[in-house]
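Residue numbers (the working numbering), protein chains in the order written: chain A, 1 to 387; chain B, 1 to 387.
Some hints here could point you the wrong way.
Said to hold, decoys possible - Rough simulated footprint, nothing fancy, chain B against chain A, three-plus residues with beta-carbon under 8 Å:
| hint | region |
| --- | --- |
| 1 | 27 to 40 |
| 2 | 62 to 70 |
| 3 | 75 to 81 |
| 4 | 132 to 144 |
| 5 | 242 to 248 |
What the hints assert, rightly or not - In silico DSS-like cross-links for lysine-lysine, where the CA-CA straight-line distance does not exceed 27 Å:
| hint | chain 1 | residue 1 | chain 2 | residue 2 |
| --- | --- | --- | --- | --- |
| 6 | A | Lys33 | A | Lys228 |
| 7 | A | Lys4 | B | Lys33 |
| 8 | B | Lys4 | A | Lys3 |
| 9 | A | Lys43 | B | Lys232 |
To be verified - Label-pair distances were calculated between CB atoms; the ranges are:
| hint | chain 1 | residue 1 | chain 2 | residue 2 | range |
| --- | --- | --- | --- | --- | --- |
| 10 | A | Glu269 | B | Glu25 | 51 to 59 Å |
| 11 | B | Ser41 | A | Arg364 | 54 to 62 Å |
| 12 | A | Asp20 | B | Trp135 | 15 to 23 Å |
| 13 | A | Thr161 | B | Glu25 | 39 to 47 Å |
| 14 | B | Lys43 | A | Thr161 | 53 to 61 Å |
| 15 | B | Arg153 | A | Lys43 | 23 to 31 Å |
| 16 | B | Asp231 | A | Lys265 | 56 to 64 Å |
Since the hints were derived computationally from the structure, they do not count as laboratory data. Since the structure is predicted, the reported quantities are computational estimates derived from the model, not experimental observations. Virtual Cβ for every residue (Gly too), placed ideally from N, Cα, C.
Protein chains: 2
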Amino acid sequence: MAKKVCVVGVGLTKFGEHWDRGFRELAIEAGVKAIEDAGISGKDIDAMYIGNMSGGRFIGQEHIASLIAGELGLNIPSTRVEAACASGGLAVRQAYLAVLSGKHDIVLVGGVEKMTDLSTADVTTTLAGAADQEWEGYYGATFPGLYALMARRHMYEYGTTREQLALVAVKNHENATKNPIAQYPFRITVEDVINSTPVAEPLNLLDCSPITDGAAAVIVCSEEVAKKLTDKLVYIAGSGHATDTLALHDRESLTEIKATRLAAKMAYEEAGIRPRDVDVAEVHDCFTIAEIMAIEDLGFVEKGKGGKFVEDGETKLDGSIPVNTSGGLKACGHPVGATGVKQISEIVLQLRGEAGERQVKDARIGLAHNVGGSGATAVVHILERGW
Amino acid sequence: MAKKVCVVGVGLTKFGEHWDRGFRELAIEAGVKAIEDAGISGKDIDAMYIGNMSGGRFIGQEHIASLIAGELGLNIPSTRVEAACASGGLAVRQAYLAVLSGKHDIVLVGGVEKMTDLSTADVTTTLAGAADQEWEGYYGATFPGLYALMARRHMYEYGTTREQLALVAVKNHENATKNPIAQYPFRITVEDVINSTPVAEPLNLLDCSPITDGAAAVIVCSEEVAKKLTDKLVYIAGSGHATDTLALHDRESLTEIKATRLAAKMAYEEAGIRPRDVDVAEVHDCFTIAEIMAIEDLGFVEKGKGGKFVEDGETKLDGSIPVNTSGGLKACGHPVGATGVKQISEIVLQLRGEAGERQVKDARIGLAHNVGGSGATAVVHILERGW
């Protein structure tokens with residue numbers, strides 16, 4: 001299929017603990033920045049999609065999409081999309097479909113989450129709502145616990161080592177030092193990770209993505225509109241979305257996210273490319289093991305060899321396929337509903353050559369991979385330079 | 001624009017207090033019924049949209065769309081859409097856009113809410129999340145309170161009477177006696193309404209829609225697919241969606257839902273019809289005043305004359321424009337995420353001539369109107385018989 005949809009603007013808040021700012025302020029900052037980056041006016045936007053996981057429990061607020069449209073002074077169609085931590089990527093996909101439908105030309109996609117208004121325990125409980133509440137949550141399973149099961153099995157089946165897991169976090173923190181919006185822009189060592197507080201063995205504190213406030217926005221539009229706005233066209237060349245059971249015990253495998261494999265297949269086929277064609281990727285590293293499974297399931301490396309691939313430095317900024325140049329969820333931060341939109345923003349910056357110190361040289365094709373829960377949703381987008 | 005998208009199957013659970021059944025059982029029952037009604041198999045479905053307002057707070061469960069896909073044994077794209085009480089109608093619109101995009105052919109739309117697992121006080125607090133939490137909820141405003149403000153102003157500006165409000169509930173309960181899924185299929189009188197427990201003056205208990213468990217599903221598909229399945233084509237002839245500020249104090253008017261007016265305009269223009277062409281309508285009667293405002297804002301009657309229109313019996317089953325033949329939110333029940341999908345189901349049944357005792361004679365064009373919160377979202381669909 002011919003490429004028809006573009007991304008023409010990106011906007012990001014700083015990721016971190018915004019004690020002094022509210023949900024709506026964060027959303028508006030990112031939205032206005034994206035509008036300015038695209039060189040359009042708010043009045044040009046004809047629809048909005050907002051990714052948000054749990055406004056109801058984090059801030060007592062549902063009906064998020066109308067809230068943000070109202071704050072922007074717009075009466076346009078505005079739709080909240082939720083798929084746990086994949087809410088942002090899924091909002092981008094809905095905007096893509098809306099433009100393809102011919103009903104909308106210029107769509108603002110926002111992702112936003114305000115997580116630090118609750119205690120850490122309440123945040124963990126809220127996040128567990130992304131897993132199967134009746135079969136996992138009520139029995140005490142938390143997300144670190146579920147990913148720990150996957151990590152153990154991956155180590156058992158493929159010989160993945162504790163050090164290899166740690167190296168994912170080390171790399172992502174290194175990348176974060178080059179990203180002005182990152183929550184944790186400092187370096188850590190393998191020893192730091194291995195000696196950090198145990199959370200759910202084998203995962204320690206520094207294997208886990210943090211609790212974050214933040215927002216991201218992108219402008220998605222038809223190729224026709226994009227050509228009037230810029231010479232640097234960034235196309236959405238492929239979009240994939242797949243699901244799996246919420247509960248881990250119902251899955252076929254503990255060492256693969258099947259939804260990622262299916263969503264990637266859909267996106268690669270639509271874009272007409274193979275995994276080896278990807279120059280830069282943002283993948284869903286909610287835990288270190290998640291990044292290792294992601295690079296395998298996305299086809300960057302054979303199943304079971306992800307740990308070694310990381311150890312060999314292939315996913316570093318100067319490696320064969322730089323992964324999570326933004327710092328990833330681990331070090332850039334993980335405001336759950338915003339993450340998928342931030343991933344798209346990072347890829348757009350890379351393709352436009354605007355990623356500063358973390359720029360991947362001559363990146364032409366980028367991939368963004370967003371996961372919900374322990375893998376019950378995966379959304380994969382492939383973006384491509386048009387010049 | 002040519003009509004291209006059809007509804008080929010509908011499925012409904014009984015609406016009521018389902019103490020013996022869970023969220024997922026309700027969703028699956030409605031989904032399977034819609035699949036059977038369409039004469040397809042689950043494997044034919046290539047995407048799903050689920051309307052749900054507040055699974056996170058009602059049952060501790062987010063990530064609803066993957067949950068339901070997983071329960072059906074499908075790995076297909078499945079997306080939750082939330083816009084408070086308009087979540088269901090908005091899910092139908094997203095399915096409509098997805099089919100128009102060319103990326104999906106057969107889409108299952110579900111709406112589901114399990115509300116009775118919480119206390120009434122907690123339900124009221126959760127529902128207040130559809131209003132502006134910072135500017136309304138934290139100051140104690142509830143939904144009956146917000147609609148009471150609108151009712152008072154409507155009475156002041158247009159002379160709408162207490163009896164006229166009550167007559168909306170009386171009519172909808174009468175219709176519910178003819179609907180096998182209705183929560184409250186019994187008759188009430190104007191005196192019953194006026195003498196029922198005050199909730200927020202002038203609104204009494206019998207002016208308010210109830211707390212309900214329930215699910216509804218419809219199958220949305222391309223015209224091409226529909227023609228292979230049935231001779232009785234029901235087209236989505238028009239779809240409109242608009243938003244407004246969450247907070248009532250920011251609106252231009254207290255006696256009009258601007259989002260309804262805008263969404264209706266969009267839907268009428270797309271369908272190429274006028275309000276007078278509508279043969280049967282389901283409108284959002286979360287409170288009796290809401291139905292009076294709806295029939296005005298949808299253009300069935302001049303602004304301010306809705307009360308008289310109801311009094312004259314024009315909206316009864318044998319009136320000039322039968323409204324809420326299902327019993328409406330008031331008497332059929334209001335499982336918030338399911339309501340918008342149930343409205344579409346009711347219109348499809350009416351257009352197919354399958355509405356039993358409540359059948360509107362020779363209904364050719366139907367309208368469904370779904371509102372979120374106190375009017376910050378409105379979704380309007382126009383359905384049309386193709387034979």
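Verification of the hints:
1. 27 to 40: violated (count 0)
2. 62 to 70: holds (count 8)
3. 75 to 81: holds (count 7)
4. 132 to 144: The restraint on the region 132 to 144 of chain A holds, since 4 of its residues have a Cβ under 8 Å from chain B and three suffice.
5. 242 to 248: holds (count 6)
6. A/Lys33 x A/Lys228: The hint holds at about 19 Å.
7. A/Lys4 x B/Lys33: Roughly 37 Å separates the two Cα atoms, so the pair is violated.
8. B/Lys4 x A/Lys3: Within the cut-off at roughly 23 Å; holds.
9. A/Lys43 x B/Lys232: violated (41 Å)
10. A/Glu269 x B/Glu25: 51 to 59 Å: violated (36 Å)
11. B/Ser41 x A/Arg364: 54 to 62 Å: Once the Cβ atoms are compared, 42 Å apart, the range 54 to 62 Å for A/Arg364 and B/Ser41 is violated.
12. A/Asp20 x B/Trp135: 15 to 23 Å: holds (19 Å)
13. A/Thr161 x B/Glu25: 39 to 47 Å: holds (44 Å)
14. B/Lys43 x A/Thr161: 53 to 61 Å: Roughly 41 Å apart at Cβ, these two residues miss the hinted range, so it is violated.
15. B/Arg153 x A/Lys43: 23 to 31 Å: With a Cβ separation near 30 Å, B/Arg153 and A/Lys43 satisfy 23 to 31 Å, so the hint holds.
16. B/Asp231 x A/Lys265: 56 to 64 Å: violated (37 Å)
The structure fails to meet hints 1, 7, 9, 10, 11, 14 and 16 from the earlier list, while all remaining hints are met.
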